Amino acid sequence: MATPKRPLSPFMIGPYYRPQITSMMSIAHRGTGVLIALGAFGLAWWLLAASLGGEAYAAFLACASSPLGKGALFLVSAALVYHFLNGIRHLLWDAGWGFELPKVYASGYTVLVLAVLLTAGLWWLALGGAA
Amino acid sequence: MSELRNPLARAKGLGAAKDGVNHWWAQRVSAIALALLAPWFAVFAAGLIGADGETVRAAIARPWCASLLAAFVVALFWHARLGLQVVVEDYIHGWMELVLQLLIKFACALGAIVSLLAIGRIAFTA
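Quick mapping for you: the protein sequence lines, in order, are chains A and B. Here the first sequence is numbered in my numbering, starting from 1 and rising by one per residue. Here the second sequence is numbered in my numbering, starting from 132 and rising by one per residue.
Chain A on its own, in the form it takes in the complex (with noise of 0.2 Å):
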């Protein structure tokens, strides 16, 4: 059979789709997650840095506060409240609530305000604003 070249979704945002808040937060959410993802072996490294302790945790230390380092736990944990807020928002539509277009406008734009939010509130308990 003769595959004619289409294109395909994510690649049809842009030339052939307008983007719009809810396909551009779709594929955010699945673009956090992988990013979430890749973070998570980060977590396994951080968990086997601190039980060897002594040098392997300072090798840890080291690269977790380097600017790359420092660039990467603020890109996970952005995505991480984002992917957060927005799968809760999945799992209202999963239980049939807010599926009527006003409403997953409202929600997403909610999620957005949400995101930055709070990203910047567990950065300010990181860098110890509550002490």
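Hints were generated in silico from the structure; no laboratory data involved. There's no promise every hint is true.
Unchecked claim - Here are the simulated distance ranges between beta carbons:
| # | chain 1 | residue 1 | chain 2 | residue 2 | range |
| --- | --- | --- | --- | --- | --- |
| 1 | A | Pro19 | B | Ser198 | 40 to 50 Å |
| 2 | A | Thr110 | B | Ala240 | 28 to 38 Å |
| 3 | A | Trp123 | B | Asn137 | 22 to 32 Å |
| 4 | B | Trp226 | A | Ala56 | 28 to 38 Å |
| 5 | A | Met12 | B | Gly225 | 13 to 23 Å |
| 6 | B | Leu229 | A | Val34 | 32 to 42 Å |
| 7 | B | Gly144 | A | Pro7 | 47 to 57 Å |
| 8 | A | Ser65 | B | Gly146 | 47 to 57 Å |
| 9 | B | Ala202 | A | Leu75 | 23 to 33 Å |
| 10 | B | Leu179 | A | Thr110 | 22 to 32 Å |
| 11 | A | Ala120 | B | Ala166 | 19 to 29 Å |
As the list claims (entries may be wrong) - Here's a subset of chain A near chain B, in silico, CB distances under 7 Å, partners left out:
| # | residue |
| --- | --- |
| 12 | Gly31 |
| 13 | Ala37 |
| 14 | Ala44 |
| 15 | Ala50 |
| 16 | Ser51 |
| 17 | Gly53 |
| 18 | Tyr57 |
| 19 | Leu125 |
| 20 | Ala126 |
Fair warning: this is a prediction, and the values are worked out from it, not measured in the lab. Glycine included, each C-beta is placed from N, C-alpha and C at the ideal position.
For chain A, the structure is supplied; the task is to place chain B on it using the hints.
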């Protein structure tokens, strides 16, 4: 036209892959577990930013922390495995798909095992 599917197959509802809604359901179950555990983990980890090894080990060794952390990594790697599987199914085809699917399963299993053993080593030697 009458139903072509065998009535027994329809009643079992397992479909061609024979696992029915298992994947979909497991992804939701692990999602709910993570929705409960992730806020705790985020606050726990945020409190340990910049801490030295001794402080981190002492924090992880506390019984409730070790238990919740173990639950979190199991749910996390389980959910990651299920999610990455779907992403690869959707976008990658041919032999690369098979290689990545196996790699994802093995890497997530190993990640969970490494994490659990590390938590255990910290908790039992504290």
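Hint-by-hint comparison with the structure:
A hinted range of 40 to 50 Å holds for the C-beta pair Pro19 (chain A) and Ser198 (chain B), which are about 43 Å apart. For Thr110 (chain A) and Ala240 (chain B), the Cβ-Cβ distance of about 36 Å falls inside the hinted range of 28 to 38 Å, so the restraint holds. In this structure the supplied range 22 to 32 Å is violated for Trp123 (chain A) paired with Asn137 (chain B), their Cβ-Cβ distance being about 57 Å. Remark: the range hint 28 to 38 Å for Trp226 (chain B) to Ala56 (chain A) is upheld by a beta-carbon distance near 37 Å.
As the Cβ distance of Met12 (chain A) to Gly225 (chain B) is approximately 21 Å, the hint placing it in 13 to 23 Å holds. At roughly 19 Å, the beta-carbon separation of Leu229 (chain B) and Val34 (chain A) lies outside the given 32 to 42 Å, and the hint is violated. Taken as a hint, the range 47 to 57 Å is violated for the pair Gly144 (chain B) and Pro7 (chain A), whose Cβ atoms sit roughly 34 Å apart. The hinted window of 47 to 57 Å between Ser65 (chain A) and Gly146 (chain B) holds, with their beta carbons roughly 49 Å apart.
For Ala202 (chain B) and Leu75 (chain A), the Cβ-Cβ distance of about 25 Å falls inside the hinted range of 23 to 33 Å, so the restraint holds. The beta-carbon spacing between Leu179 (chain B) and Thr110 (chain A), approximately 30 Å, falls within the hinted interval of 22 to 32 Å. The hinted window of 19 to 29 Å between Ala120 (chain A) and Ala166 (chain B) holds, with their beta carbons roughly 21 Å apart. Checking Gly31 (chain A) against chain B: minimum C-beta separation of about 9 Å lies over 7 Å; hint violated.
Nearest Cβ of chain B to the Cβ of Ala37 (chain A): about 4 Å, under the 7 Å cut. The hint holds. Annotation: Ala44 (chain A) was flagged as interfacial toward chain B, and the flag holds, the nearest CB pair being 5 Å apart, inside 7 Å. With a least beta-carbon distance of about 5 Å to chain B, the hint placing Ala50 (chain A) at the interface is held under the 7 Å criterion. The interface hint given for Ser51 (chain A) is met, as the beta carbon of that residue sits about 4 Å from the closest beta carbon of chain B, less than 7 Å.
Interface restraint check for Gly53 (chain A): the shortest CB-CB distance to chain B comes to about 5 Å, inside 7 Å, so the restraint holds. Nearest Cβ of chain B to the Cβ of Tyr57 (chain A): about 4 Å, under the 7 Å cut. The hint holds. Restraint check, Leu125 (chain A) versus chain B: the minimum CB separation of about 5 Å is within 7 Å; hint holds. The criterion of a C-beta within 7 Å of any C-beta in chain B is met by Ala126 (chain A), whose closest approach is roughly 4 Å, and the hint holds.
In this structure, the hints that do not hold are numbers 3, 6, 7, 12, in rising order.
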